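Use the sequences and the hints to build the structure in full.
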Amino acid sequence: AQSVAQPEDQVNVAEGNPLTVKCTYSVSGNPYLFWYVQYPNRGLQFLLKYITGDNLVKGSYGFEAEFNKSQTSFHLKKPSALVSDSALYFCAVRAFYGGSQGNLIFGKGTKLSVKP
Amino acid sequence: NAGVTQTPKFRILKIGQSMTLQCTQDMNHNYMYWYRQDPGMGLKLIYYSVGAGITDKGEVPNGYNVSRSTTEDFPLRLELAAPSQTSVYFCASSYSGTGEAFFGQGTRLTVV
Numbered sequence: 001a002q003s004v005a006q007p008e009d010q011v012n013v014a015e016g017n018p019l020t021v022k023c024t025y026s027v028s029g030n031p032y033l034f035w036y037v038q039y040p041n042r043g044l045q046f047l048l049k050y051i052t053g054d055n056l057v058k059g060s061y062g063f064e065a066e067f068n069k070s071q072t073s074f075h076l077k078k079p080s081a082l083v084s085d086s087a088l089y090f091c092a093v094r095a096f097y098g099g100s101q102g103n104l105i106f107g108k109g110t111k112l113s114v115k116p
Numbered sequence: 117n118a119g120v121t122q123t124p125k126f127r128i129l130k131i132g133q134s135m136t137l138q139c140t141q142d143m144n145h146n147y148m149y150w151y152r153q154d155p156g157m158g159l160k161l162i163y164y165s166v167g168a169g170i171t172d173k174g175e176v177p178n179g180y181n182v183s184r185s186t187t188e189d190f191p192l193r194l195e196l197a198a199p200s201q202t203s204v205y206f207c208a209s210s211y212s213g214t215g216e217a218f219f220g221q222g223t224r225l226t227v228v
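Respectively, the protein sequence lines represent chains U and L.
Just so we're aligned, residue 1 is where the first sequence starts under the working numbering, counting upward by one.
Just so we're aligned, residue 117 is where the second sequence starts under the working numbering, counting upward by one.
Keep in mind that a hint or two might mislead.
Partner residues are not named here, just some residues of chain U that face chain L (Cβ under 10 angstroms, in silico) [to be verified]: (1) 4; (2) 6; (3) 9; (4) 36; (5) 38; (6) 105; (7) 107.
Calculated pairs, DSBU-like style, for lysine-lysine (alpha carbon to alpha carbon, straight line, at most 30 angstroms) [said to hold, decoys possible]: (8) L/125 - U/49; (9) U/108 - L/125; (10) L/173 - U/111; (11) L/160 - U/69; (12) L/160 - U/108; (13) L/160 - U/58.
These are calculated hints, taken from the structure and not from any lab test.
All values reported here derive from a predicted model rather than from experimental measurement.
Just so you know, even glycine gets a beta-carbon here, dropped at the ideal spot from N, CA and C.
Shown next, in the form of C-alpha cells:
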C-alpha cells in the first residue's frame, strides 16, 4: 500500500530564514512525488514534482525539493522564506509498479507560518 | 482558460437528501479525481477515472457514486446525505499519471 507522512503539523519560520517542510513516503514501486500549496478557501496549486532524473527539483515561487531514495523522503525547501509563503502544504505520491499505477495519495498537510 | 470548474461553491443539505456535485474541465485531461478534505486529515480520494466510461473507487467511496460519460465531466452523486459527509470536496484532473493535478476551487458541503 502507498502512504505519505508529513510529520509536522505546523512549521514556524522567520522571514528571510530558510524553510524546510518534511515528507516521507512508502510505496511498493517507483514513486512519483508532488508538492502542492493551498491558500485559505482555495483549491490546491501545484508547486513541483519528481518523476525521474536529478534528485533536486526546482519549482514555482523559489521552492525546491530533494528526492532521497534511501531515506524515502521528499522534503520541500526554500532558501529565504517570505510572509506570503504562509499556507498549507501537501505532499503527494503516486506509485508505478509493473504496468500498473496507484492512486494519487496526499499527506495530511503542514501549515507553514512565516513571521515578519 | 477555465481549468477545473466546480459547482456549487456552497451547499447545505438535510439528512437523507441527495445532490450532485458538478465538475468539468476544459484541458482535455484523461484523469479526473474527487477528494474530500477534512480538517487535519488531508485529502482522501473518493473516486477517480482514467478516461470516459471508466471509474474506480478510491479510499473512501461509501455513500458516493460517480459517472464519466464524457472526457470533460465527472459528477459526484450523494444519494442519502449523512452528517459524516460534511466536508470540503475537491475535483481535480491531470493529463496522465505522471502529470500534475489541477484542482477546482472546492465545494463546501454541510449536512444538518
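A quick look at each hint next to the structure:
1. Checking residue 4 of chain U against chain L: minimum C-beta separation of about 8 angstroms stays under 10 angstroms; hint holds.
2. For residue 6 of chain U, the shortest C-beta to C-beta distance to chain L is roughly 8 angstroms, which falls under 10 angstroms, so the interface hint holds.
3. At about 7 angstroms, the closest approach between the beta carbon of residue 9 of chain U and any beta carbon in chain L falls short of 10 angstroms, and the interface hint on this residue holds.
4. Because the smallest distance between the Cβ of residue 36 of chain U and any Cβ of chain L comes to about 8 angstroms, under 10 angstroms, the interface hint for this residue holds.
5. Using the Cβ-Cβ criterion of 10 angstroms, the hint placing residue 38 of chain U at the interface with chain L is satisfied: the shortest such distance is roughly 9 angstroms.
6. Against a cut-off of 10 angstroms between C-beta atoms, the interface hint on residue 105 of chain U holds, since the closest Cβ of chain L lies about 7 angstroms away.
7. Contact between residue 107 of chain U and chain L, as hinted, is supported at the beta carbon level, the nearest pair being about 6 angstroms apart and thus within 10 angstroms.
8. With a CA separation close to 29 angstroms, the supplied pair residue 125 of chain L and residue 49 of chain U stays within the 30 angstroms bound.
9. Pair hint residue 108 of chain U plus residue 125 of chain L holds up; C-alpha atoms about 23 angstroms apart against a cutoff of 30 angstroms.
10. The suggested pairing of residue 173 of chain L with residue 111 of chain U holds, with an alpha-carbon distance near 29 angstroms, which does not exceed 30 angstroms.
11. For the proposed pair residue 160 of chain L and residue 69 of chain U, the alpha carbon gap of about 25 angstroms is at most 30 angstroms, so the pair holds.
12. Of the pairs offered as hints, the one joining residue 160 of chain L and residue 108 of chain U holds, with about 9 angstroms between alpha carbons and a cut-off of 30 angstroms not exceeded.
13. Under the criterion of a C-alpha separation no larger than 30 angstroms, the hint pairing residue 160 of chain L with residue 58 of chain U is consistent with the structure, at around 27 angstroms.
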